[in-house]
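Top to bottom, those sequences are chains A and B.
FYI, in the working numbering the residues of the first sequence are 10 to 121.
FYI, in the working numbering the residues of the second sequence are 927 to 1042.
Treat the hints with care, since some could be wrong.
Claimed, not checked - Here are the computed lysine-lysine pairs in the DSSO-like style, where the Cα-Cα straight-line distance is at most 30 Å: (1) A/Lys113 - B/Lys937; (2) B/Lys940 - A/Lys51; (3) B/Lys983 - A/Lys80.
Just so you know, these hints were derived from the structure itself, not from any lab.
Now for the letters of each chain:
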Amino acid sequence: GESVGLHLPTLSVQEGDNSIINCAYSNSASDYFIWYKQESGKGPQFIIDIRSNMDKRQGQRVTVLLNKTVKHLSLQIAATQPGDSAVYFCAERDYGNNRLAFGKGNQVVVIP
Amino acid sequence: DTGVSQDPRHKITKRGQNVTFRCDPISEHNRLYWYRQTLGQGPEFLTYFQNEAQLEKSRLLSDRFSAERPKGSFSTLEIQRTEQGDSAMYLCASSTGPLERQPEQFFGPGTRLTVL
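The task is simple: from the sequences and hints, build the whole structure.
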């Protein structure tokens, strides 16, 4: 079936540097995408979302970029902090479908 | 803390036993979801309720799994005759608002099941 996946399993980043996490998706019917952060022992936490009619959206220290041509999604974290250490998932939903399809997690480790 | 609570947080059981998990969504959230997550993987959708009606079930939800939301508030997920392959984190999420506005799903902390 169609799926969402991540390119890199682990990213180590120095505190204060920027982080970029990538995600490829294959369901062309998806029109809504979300990045989640999951810390150890906790459920996924919403970070930022983007609809398919946009190619960029910014939040506080985070930016999501969507390239529908190549079905690619990325999350940029500015000035990475120790509290950003977690597993990050991208997820997609196609129009009218309530379920979220998650990709494989990408571990971010922030080095103080 | 998102406001979604799950109980128990951890459950260890022997193969063949039945287990039941509970989820309390955010008050007045009409939609409730169950997901299963194995180590290193993203959550996989299991089932979804709108109020008390179970509207969608994944093919992952075998006949050993049953979920209920009798009063449209809390929900239970029961697994009968557990197998080692059922070991996973079971996550609950809730949401509210018009679907066309893509309402956020708020996740609980999960119940970690270990089947020995």
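**OP:** For the pair supplied as a hint, A/Lys113 and B/Lys937, confirm whether the alpha-carbon distance does not exceed 30 Å.
**Re:** holds, 25 Å
Original post:
If you draw a straight line from the CA of B/Lys940 to the CA of A/Lys51, is it 30 Å or shorter?
Top reply: holds, 25 Å
Original post:
When you check the alpha-carbon spacing of B/Lys983 and A/Lys80, does it fall within 30 Å?
Top reply: holds, 27 Å
The structure meets every hint from the earlier list without exception.
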